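Peer 1: Spelled out, the chains give:
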Amino acid sequence: MLLKNLRLTNFRQFKGEQLISFSTYPDRNVTIIMGENGSGKTTLAQAFTWCLYGDTDFEDKSMLSKAVALNMLPDEEASVRVELDLVHNGIEYTIIREQKYSKDSSGNLRRPSQTTFKIAFKGADGQREFVPDLETEIRMKEILPKELSKYFFFDGERIEKMSKEIRRGKSKEFAEAVKSLLGLSAFTAALNHLKSRSPSSVIRSYDNSYDAGSDVRIAQYTKEIDELDDKIDAITRRLAEIDKEEAIAQDKCDELKEKIVKFKDSEDLAKEREALRKKLNGLISSKASSTAVLLRTFNNNAQQYFAKKMMKDALQLLSEADKLDKGIPDIHERTIKFLIDRGSCICNNKIEFNNDAYKALMKVLEYIPPQSLGSLIGQFVRDCESKSKGGSSLFEDISEQYRIIRNFETDYADVENKIKLIEERLVNMENVGLLQKELINYERRLNYLKKERDELNIEQGSYETQKKLKIAERKELTLKDEANRKIEVYKAYAQYMYDVLLDEYTQKETETRNQLQKTVNGIFKHIYNGGLALSLDENYNVNIIVNDFRGYNSDVETSTAQSISVIFAFIAGVIKMARDSQNDENEMLVSEPYPLVMDAPLSAFDKTRIQTVCDILPKVAEQVIIFIKDTDGELAETHMGQQVGARYLFDKKNEFETYLVTR
Amino acid sequence: MFDKEYSFRGSHAAKVIKLTASFDQKNNKVFARNFDVYLLAPIVGFMYGRSAPIDRENNEKTDIFPDILIKNKNDLMFNYRLIMLLDKDYEPDFDERINKAFRYYGTEKAQPDEERYDSYVRGGVDVLYEKIMEGAKKPDDYLKNLYDFIEEFEERYNSSVSTDSILNLCKLARS
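Protein sequences, first through last, are from chains P and S. Count the first sequence with our numbering and you get residues 6 to 668, in order. Count the second sequence with our numbering and you get residues 8 to 182, in order.
Rather than coming from a laboratory, the hints here were simulated on the basis of the structure. Fair warning: this is a prediction, and the values are worked out from it, not measured in the lab. Misleading hints may appear alongside valid ones.
[Said to hold, decoys possible] Subject to a maximum C-alpha distance of 25 Å in a straight line, what follows is the list of computed PhoX-like cross-link-like pairs (lysine-lysine): (1) K178(S) x K394(P); (2) K314(P) x K144(S); (3) K425(P) x K144(S); (4) K236(P) x K442(P); (5) K368(P) x K342(P); (6) K314(P) x K151(S); (7) K455(P) x K249(P); (8) K314(P) x K33(S); (9) K425(P) x K145(S); (10) K283(P) x K145(S); (11) K80(S) x K394(P); (12) K33(S) x K284(P); (13) K138(S) x K314(P); (14) K423(P) x K145(S); (15) K36(S) x K145(S); (16) K228(P) x K455(P); (17) K66(P) x K108(P); (18) K116(S) x K364(P); (19) K151(S) x K284(P); (20) K155(P) x K624(P); (21) K116(S) x K368(P); (22) K33(S) x K283(P); (23) K78(S) x K284(P); (24) K394(P) x K78(S); (25) K314(P) x K80(S).
Kindly produce the complete structure, drawing on both the sequences and the hints.
Peer 2: Here's what the structure looks like:
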């Protein structure tokens, strides 16, 4: 298949009719279409799949150009159309897909109609003819089956997923697709025709043509064998499903185990953090109680402490003024009052109201008990004595307590800092406990699947035995009848032919696979020169093998560049093989070469690899069409310069309008 | 005085309320009660030479009940006597100061003295608030301010006053 032209009409941001002609020269088979991100590279790649199969990866399923939709009047109609001219098997086809959009009377876009799909071709007389509508889907399948198309129309973003699928040989369809590409499908078709579950297969049709008239049991056996076949089939299907489910669960387990190992530290860190948090809480309450002690000390002794200087000053004044003790020992107020009442002193002096003696005695009253000034001052002095003792150590006590509190602060900051560091490390780690839980679930699922498979295998085995038994018994019955005996003979011929063909096919298939492995490896080594090799098993699983121990650095995890190299090598290998087999004299193996349409495939590579990829692709594929961003594009052009036959540029006017211009 | 309810008013009430408020989650307060402020404030006011009139700007008010004043009357009297004995600016004559400290208390004559004493209480509240509360945002700040205040006081006054010197003076006064 060679792509010639792509005509877009109002497809997404490609407003109006826009044409792109791909280079079909054998020696200049590369078409480069350059554009910055967001200019329409992916849209153009999607235009192929929409045209061929009617679907896209867009979230917005409306294909109509927004610029056109905006200018449509109420009740007006517009259509989106993509036409792809291609040559397949020597016939020129035009694949056409169209979809009509219309607005209602209030100017809202209606739901679009179903797409119409047509395939036109140039007949032998050069006239353009259309493939009848009912046959278009089948014809498309012949030209390029959809499941295969993604290996020829692919974008860089999907590339990693694809490489994983290839490496895992994910689906049988894929193996089938590869076989058909490599021209082995004629074999498989013949094998299927001879013997398959379809009632129209040769051997099955013989089974159904036994003359049951001779013995009713023959029909009974045939019916029972059919039923057993159905059961066996159901089990086979379920086993295939189990394989898939198992692969997914196993993947998930591996991924989780890896994460658990990686995040094992997080558990320890979380424990450490918990311990530190406890310590922090301990520090907080210790600090609080120390604070309480300090404040209690302060409240209990503040007066004594702050009054110290005043006490000293007051005592100094009092002692200097000699005010402290002017009392007469053992003389009480009562003594003086008695003398005044008597009117004469102990010394016999006369005491009269307001005479000198009276005044002197009244003065004495101030200094003797009980209400004397002297005793009041004495009390004050005693207060000073006790208070000065009470407040004496306040500053030292508080200094010490404050120092302890400050230490807490330092410890606190220290612990807090440690917690912060741990938390920073934990940010990017997942919770191992949760991962472990998830892992257990998946492992349980795996076990369950394993058990189910074992049971199914046993069941299937018993059905097979029953089936064999019934076939043998039926055979015994059929041989008794002339007509049935004939059928038995035909069946034996058919079985023989099947066996011979299968033998041949197996041999060819192995040869082809070995050849493919060699081809793919040759290309892989060229692209990825890291001491790795690829191997293909019978399901076309690609395995990466380390074949150079010197370069082996225990990192078996594939890098992006490696993954992409694998898929490039694989696709390039398949295409190369398909192309080579076209010239093969063995007519049993016919194939058609396919183009390679790629969206931004080079970003993940370094410059040397870009060069090797650019070098290899035009050689292995009959036609290469690349959508690429400016920077990569320039590199690609430098390396593929000689092979580039057509150049286009995405000219982005605005978000809704891009035009394709030749460069 | 010292036997009936006492009230801080206006800005002083507001300051006392803050000085006795919890500053951390563990319910720690710089001053445990209004009374503790009342006991220390006159000393601080006198030492820092700060007095203040009653603030009647607003109706804010916080009280100390009489029972606690009566119970601690001796400590309060001690303050009163210290200030009366030492306030030379108020009364230059020492004998008269002695009278104020020991004789006039509780009489009509003591009215202005008690007024003087209260103004030192208020001035002291201002000083305590400035020293301990101002600029404090988190619990640690209050503690730091309190410590700095005590340290400053230690350096300014108390480092030169040993307990022994006081005890010696007491002996001297009694002999």
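Peer 1: The structure should be examined with respect to each hint, and the outcome stated for every one.
Peer 2: Hints and how they fare:
1. The straight-line distance between the Cα atoms of K178(S) and K394(P) is roughly 14 Å, inside the 25 Å bound, and the hint therefore holds.
2. Only pairs whose Cα atoms come within 25 Å are accepted, and K314(P) paired with K144(S) is rejected, the gap being roughly 32 Å.
3. Distance hint between K425(P) and K144(S) is fulfilled; the C-alpha atoms sit about 23 Å from each other, no more than 25 Å.
4. Of the pairs offered as hints, the one joining K236(P) and K442(P) is violated, with about 37 Å between alpha carbons and a cut-off of 25 Å exceeded.
5. The straight-line distance between the Cα atoms of K368(P) and K342(P) is roughly 12 Å, inside the 25 Å bound, and the hint therefore holds.
6. Only pairs whose Cα atoms come within 25 Å are accepted, and K314(P) paired with K151(S) is accepted, the gap being roughly 24 Å.
7. The suggested pairing of K455(P) with K249(P) holds, with an alpha-carbon distance near 12 Å, which does not exceed 25 Å.
8. A threshold of 25 Å between alpha carbons decides the hint, and for K314(P) with K33(S) the separation of about 34 Å lies outside it, so the pair is violated.
9. Note on K425(P) and K145(S): the hinted pairing holds, with a Cα-Cα distance of about 21 Å set against a maximum of 25 Å.
10. Our distance criterion of 25 Å between C-alpha atoms is met by K283(P) and K145(S), whose separation comes to about 22 Å.
11. For the proposed pair K80(S) and K394(P), the alpha carbon gap of about 20 Å is at most 25 Å, so the pair holds.
12. For the suggested pair K33(S) and K284(P), the alpha carbons sit about 17 Å apart, so the restraint of at most 25 Å is met.
13. Between the alpha carbons of K138(S) and K314(P) the distance comes to roughly 19 Å, so the proposed pair stays at or under 25 Å and holds.
14. Distance hint between K423(P) and K145(S) is fulfilled; the C-alpha atoms sit about 22 Å from each other, no more than 25 Å.
15. Restraint check: the Cα-Cα separation between K36(S) and K145(S) comes to about 13 Å, which is no more than 25 Å; the hinted pair holds.
16. For the hint linking K228(P) to K455(P), the alpha-carbon distance of about 32 Å lies beyond 25 Å, and the restraint is violated.
17. Between K66(P) and K108(P) the alpha-carbon distance is near 17 Å, which keeps this suggested pair within the 25 Å criterion.
18. Under the criterion of a C-alpha separation no larger than 25 Å, the hint pairing K116(S) with K364(P) is consistent with the structure, at around 23 Å.
19. This hinted pair checks out: K151(S) and K284(P) have alpha carbons roughly 24 Å apart, not beyond 25 Å.
20. For the proposed pair K155(P) and K624(P), the alpha carbon gap of about 21 Å is at most 25 Å, so the pair holds.
21. As the CA atoms of K116(S) and K368(P) are separated by approximately 20 Å, the hinted pair is consistent with the 25 Å bound.
22. Proximity of K33(S) to K283(P) is assessed by CA-CA distance (about 17 Å); at most 25 Å being required, the pair is judged to hold.
23. As the CA atoms of K78(S) and K284(P) are separated by approximately 43 Å, the hinted pair breaks the 25 Å bound.
24. A threshold of 25 Å between alpha carbons decides the hint, and for K394(P) with K78(S) the separation of about 21 Å falls inside it, so the pair holds.
25. Of the supplied pair hints, the one linking K314(P) and K80(S) holds, its CA atoms being roughly 21 Å apart against a limit of 25 Å.
Consistency note: the structure conflicts with the earlier hints numbered 2, 4, 8, 16, 23.
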